[in-house]
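The task is simple: from the sequences and hints, build the whole structure.
As a plain string of letters, each chain reads:
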Amino acid sequence: MTPTTTMTNQRIIFQNESGGVSVIIPTGELPIEEVAKKDVPAGVSYEIVSVDDIPSDRTFRNAWVMGDCCVEHDIDKCKELAHDKRRAMRAEEFAPHDEVIMKQIPGVDATEAEAKRQEIRDKYAAVQDAIDAASTVDELLEVLD
Amino acid sequence: MANWSNPVLTSTYTNFMNELKDRDTDLALQFDGTTSSNLATGTIRWDSTAGRWKKWNGSSWAELAATYALTALSTTGNATIGGTLSVTGSTALAAATATTPATADNSTKIATTAFVNAQNYAPLASPTLTGTPAAPTASIGTNTTQIATTAFVNAEIANDALLKTGGTLTGAITLSGDPTADLHAVPRQWVESRASKESCRAATTSNITLSGTQTIDGVALSIGDRVLVNNQSTASQNGIYVVASGAWTRATDGNTWNDLVGAYTTVEQGTANVDSMWLCEIVRGGTLGTTAVTWQLISNAQVAALGALGTTGLITRTAANTVAARSIAVSGTGLSVTNGNGVSGNPTVTSNATSANTASTIVARDASGNFAAGTLTLASFSYSGTPTSSSTGAFEIPSGTTAQRPTAAQGQIRYNTSTSQFEGYNGSAWNGLAGNGIVDSQLTGTTCKAWVNFNGTGTVAIRASFNVSSITDNGTGDYTVNFTSALADANYTVVNGGDLLANAIPSTANQAFVYTYASNFTSQDKGIVQVAIFR
Chain E
1 MTPTTTMTNQ
11 RIIFQNESGG
21 VSVIIPTGEL
31 PIEEVAKKDV
41 PAGVSYEIVS
51 VDDIPSDRTF
61 RNAWVMGDCC
71 VEHDIDKCKE
81 LAHDKRRAMR
91 AEEFAPHDEV
101 IMKQIPGVDA
111 TEAEAKRQEI
121 RDKYAAVQDA
131 IDAASTVDEL
141 LEVLD
Chain G
1 MANWSNPVLT
11 STYTNFMNEL
21 KDRDTDLALQ
31 FDGTTSSNLA
41 TGTIRWDSTA
51 GRWKKWNGSS
61 WAELAATYAL
71 TALSTTGNAT
81 IGGTLSVTGS
91 TALAAATATT
101 PATADNSTKI
111 ATTAFVNAQN
121 YAPLASPTLT
131 GTPAAPTASI
141 GTNTTQIATT
151 AFVNAEIAND
161 ALLKTGGTLT
171 GAITLSGDPT
181 ADLHAVPRQW
191 VESRASKESC
201 RAATTSNITL
211 SGTQTIDGVA
221 LSIGDRVLVN
231 NQSTASQNGI
241 YVVASGAWTR
251 ATDGNTWNDL
261 VGAYTTVEQG
271 TANVDSMWLC
281 EIVRGGTLGT
291 TAVTWQLISN
301 AQVAALGALG
311 TTGLITRTAA
321 NTVAARSIAV
331 SGTGLSVTNG
341 NGVSGNPTVT
351 SNATSANTAS
361 TIVARDASGN
371 FAAGTLTLAS
381 FSYSGTPTSS
391 STGAFEIPSG
401 TTAQRPTAAQ
411 GQIRYNTSTS
421 QFEGYNGSAW
431 NGLAGNGIVD
441 SQLTGTTCKA
451 WVNFNGTGTV
461 AIRASFNVSS
471 ITDNGTGDYT
481 VNFTSALADA
491 NYTVVNGGDL
501 LANAIPSTAN
511 QAFVYTYASN
521 FTSQDKGIVQ
531 VAIFR
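As you go down the protein sequences, you meet chains E and G in turn. First residue of the first sequence: 1, per this note's numbering; consecutive thereafter. First residue of the second sequence: 1, per this note's numbering; consecutive thereafter.
Quick caveat, the hints were computed from the structure, so don't treat them as lab data.
Each pair of labels, with its calculated beta carbon distance range:
hint: 1; chain 1: G; residue 1: Phe422; chain 2: E; residue 2: Asp145; range: 54 to 62 Å
hint: 2; chain 1: E; residue 1: Asn9; chain 2: G; residue 2: Ala488; range: 30 to 38 Å
hint: 3; chain 1: G; residue 1: Phe422; chain 2: E; residue 2: Cys70; range: 36 to 44 Å
hint: 4; chain 1: G; residue 1: Arg463; chain 2: E; residue 2: Asp138; range: 29 to 37 Å
Quick list of in silico lysine to any residue cross-link-like pairs, SDA-like style, CA-CA up to 25 Å:
hint: 5; chain 1: E; residue 1: Lys77; chain 2: E; residue 2: Phe14
hint: 6; chain 1: G; residue 1: Lys54; chain 2: G; residue 2: Ala66
hint: 7; chain 1: E; residue 1: Lys37; chain 2: G; residue 2: Ala490
hint: 8; chain 1: G; residue 1: Lys109; chain 2: G; residue 2: Ala122
hint: 9; chain 1: E; residue 1: Lys37; chain 2: G; residue 2: Thr407
hint: 10; chain 1: E; residue 1: Lys37; chain 2: G; residue 2: Gly427
hint: 11; chain 1: E; residue 1: Lys77; chain 2: E; residue 2: Asp57
hint: 12; chain 1: E; residue 1: Lys37; chain 2: G; residue 2: Thr417
hint: 13; chain 1: E; residue 1: Lys37; chain 2: G; residue 2: Arg414
hint: 14; chain 1: G; residue 1: Lys109; chain 2: G; residue 2: Thr80
hint: 15; chain 1: E; residue 1: Lys38; chain 2: G; residue 2: Ala429
hint: 16; chain 1: E; residue 1: Lys37; chain 2: G; residue 2: Ala408
hint: 17; chain 1: E; residue 1: Lys38; chain 2: G; residue 2: Cys448
hint: 18; chain 1: E; residue 1: Lys37; chain 2: G; residue 2: Asp489
hint: 19; chain 1: E; residue 1: Lys38; chain 2: G; residue 2: Ala490
hint: 20; chain 1: E; residue 1: Lys37; chain 2: G; residue 2: Ala532
hint: 21; chain 1: E; residue 1: Lys77; chain 2: E; residue 2: Gln128
hint: 22; chain 1: E; residue 1: Lys38; chain 2: G; residue 2: Val495
hint: 23; chain 1: G; residue 1: Lys55; chain 2: G; residue 2: Asp26
hint: 24; chain 1: E; residue 1: Lys38; chain 2: E; residue 2: Val51
hint: 25; chain 1: G; residue 1: Lys55; chain 2: G; residue 2: Thr41
hint: 26; chain 1: G; residue 1: Lys21; chain 2: G; residue 2: Lys55
hint: 27; chain 1: E; residue 1: Lys123; chain 2: E; residue 2: Ala133
hint: 28; chain 1: E; residue 1: Lys123; chain 2: E; residue 2: Glu93
hint: 29; chain 1: E; residue 1: Lys37; chain 2: G; residue 2: Ser507
hint: 30; chain 1: E; residue 1: Lys85; chain 2: E; residue 2: Ser56
hint: 31; chain 1: E; residue 1: Lys37; chain 2: G; residue 2: Trp451
hint: 32; chain 1: E; residue 1: Lys37; chain 2: G; residue 2: Ala461
hint: 33; chain 1: E; residue 1: Lys77; chain 2: E; residue 2: Asp52
hint: 34; chain 1: G; residue 1: Lys164; chain 2: G; residue 2: Pro187
hint: 35; chain 1: E; residue 1: Lys38; chain 2: G; residue 2: Gly424
hint: 36; chain 1: E; residue 1: Lys38; chain 2: E; residue 2: Asn16
hint: 37; chain 1: E; residue 1: Lys116; chain 2: E; residue 2: Val127
hint: 38; chain 1: E; residue 1: Lys123; chain 2: G; residue 2: Asn520
hint: 39; chain 1: E; residue 1: Lys38; chain 2: G; residue 2: Phe422
Note that the Cβ used here is the ideal one computed from N, Cα and C, for glycine as well.
Pasting the structure below:
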């Protein structure tokens with residue numbers, strides 16, 4: 001058997017069990033119709049689309065849903081994912097200051113650390129508001145940038 | 001000169017006589033008008049100069065009359081009339097003669113009858129004109145006895161005439177009779193008497209009584225309908241009839257024997273004969289009403305539908321005037337014709353095999369059309385026994401790429417040029433001939449059964465693969481690897497590489513799951529994901 005390197009620009013999309021979108025990327029070993037018949041879960045409807053119809057930005061990959069003609073974003077799920085990222089980013093920035101406060105390291109000013117933490121809170125409070133106010137994916141991406 | 005008012009008588013007598021002599025002299029001179037002395041009033045004289053009688057009125061000479069009537073005039077010499085010569089009364093110049101001028105004379109001379117005759121004028125009755133006679137051109141539309149000049153004729157032609165070089169008639173023309181030469185124009189009656197007949201509403205399917213309204217071939221006929229009658233027990237009655245409340249009559253375009261020779265007509269309606277065309281088969285020389293008339297169906301809806309039966313296949317006659325598509329199949333007892341569309345009346349196929357044919361030998365037709373033992377080449381065939389071969393050669397089985405696989409059916413085997421291996425279809429998937437996917441001699445229990453390398457970021461794309469039909473992108477860091485040929489079972493090992501923090505686990509014999517993570521073990525897409533399957 002010869003390894004396959006010829007890829008196709010077509011994709012097969014279908015709604016998965018979690019309500020999101022699964023995208024099948026054929027290798028080219030089989031005709032795409034046969035791939036769809038074999039690799040799409042039985043009984044699930046699917047569409048064969050161009051690769052150009054699939055978003056190339058995967059920031060909110062888990063918020064993809066099946067639209068009328070192509071893959072679309074569920075904006076509410078996008079916001080949930082954006083908040084998850086906001087929390088992760090905030091926790092990462094909190095970490096060095098949390099360590100100062102929790103360990104009460106002698107010679108280190110805990111007051112300054114607390115002030116830094118407050119700055120971080122304020123910063124991400126603004127980010128939180130911006131996420132809640134966003135109405136498009138592009139706006140969310142700009143907020144997280 | 002004598003003084004007649006106061007004569008001198010006292011002189012001498014001589015003077016008196018002289019006076020008388022003067023008086024006579026004056027009287028004599030009065031005729032030439034040289035004197036008027038000593039003339040008595042009322043004296044008359046002839047004025048030769050004026051040509052008139054004049055009367056002395058005491059002071060001048062006055063004409064006695066403007067004209068003078070003559071009861072007869074005769075001259076012995078030349079007579080000249082200075083004024084107008086009027087001839088009145090009932091007696092004209094009955095026998096006046098004059099000198100005849102030359103024929104070419106063109107003067108004021110009197111033209112005698114001889115002169116006139118010599119001019120050779122055309123007579124009013126039936127003249128024979130020579131040269132180029134001309135006449136006034138009548139206006140277009142003139143319809144009198146006026147002479148039509150060439151200009152008039154041309155104008156009329158240009159205005160409303162049909163040229164022999166062509167044109168369009170605006171009214172109907174009537175021909176004198178049927179044509180007698182090939183290029184003669186033909187009247188409608190002649191055309192109607194020829195082959196093409198006006199269509200009939202229905203055609204008979206059995207013998208009928210040729211009278212009254214009735215239903216034929218499912219068509220309820222009305223008075224005046226045309227009917228093609230072709231099934232009479234007395235065949236001489238066949239022909240085209242017009243329905244009547246009483247006895248039917250033959251149609252006017254088919255009421256003579258020659259009307260029907262070579263005639264053809266169409267039938268508009270009917271259960272069996274709708275949209276059919278019929279040709280009368282009779283030849284010249286028969287007698288209508290005595291000689292049999294037959295009509296032959298040359299086209300009907302079934303024939304017209306032949307084109308809809310497809311470009312290939314066997315067309316058979318399944319009933320009267322009915323054809324249908326059929327197929328020939330080989331059964332245990334030989335060839336048989338199958339009933340493809342449920343129409344009854346299958347034809348019979350008879351084999352021409354004889355006892356002289358060699359048993360168990362394929363007979364093939366060569367390029368010359370001769371039959372002899374040969375090689376059987378079929379697009380497909382089926383058999384019920386077990387094929388055997390005593391040859392030392394090899395069977396060549398179908399081969400092709402993965403994309404060229406036929407519609408799968410359990411038990412099919414072929415050589416896959418894409419995978420370079422023999423493969424078979426087990427009813428659910430194409431596998432290596434061993435039945436567990438990969439049986440190539442290089443694929444042993446320690447050989448990778450499938451692998452894939454793909455980019456899980458951005459637009460997910462596969463770089464290369466082996467025995468992988470596709471990967472399914474289920475979400476962030478969540479993929480499924482689908483095998484082209486299923487493994488024997490799910491008891492295989494999955495090894496992942498590339499970016500670390502990935503986990504690949506078997507799912508089924510057909511697919512394995514792959515998950516990629518960030519350092520905090522939350523799902524994360526990876527640029528390089530490598531998965532290999534071993535069993």
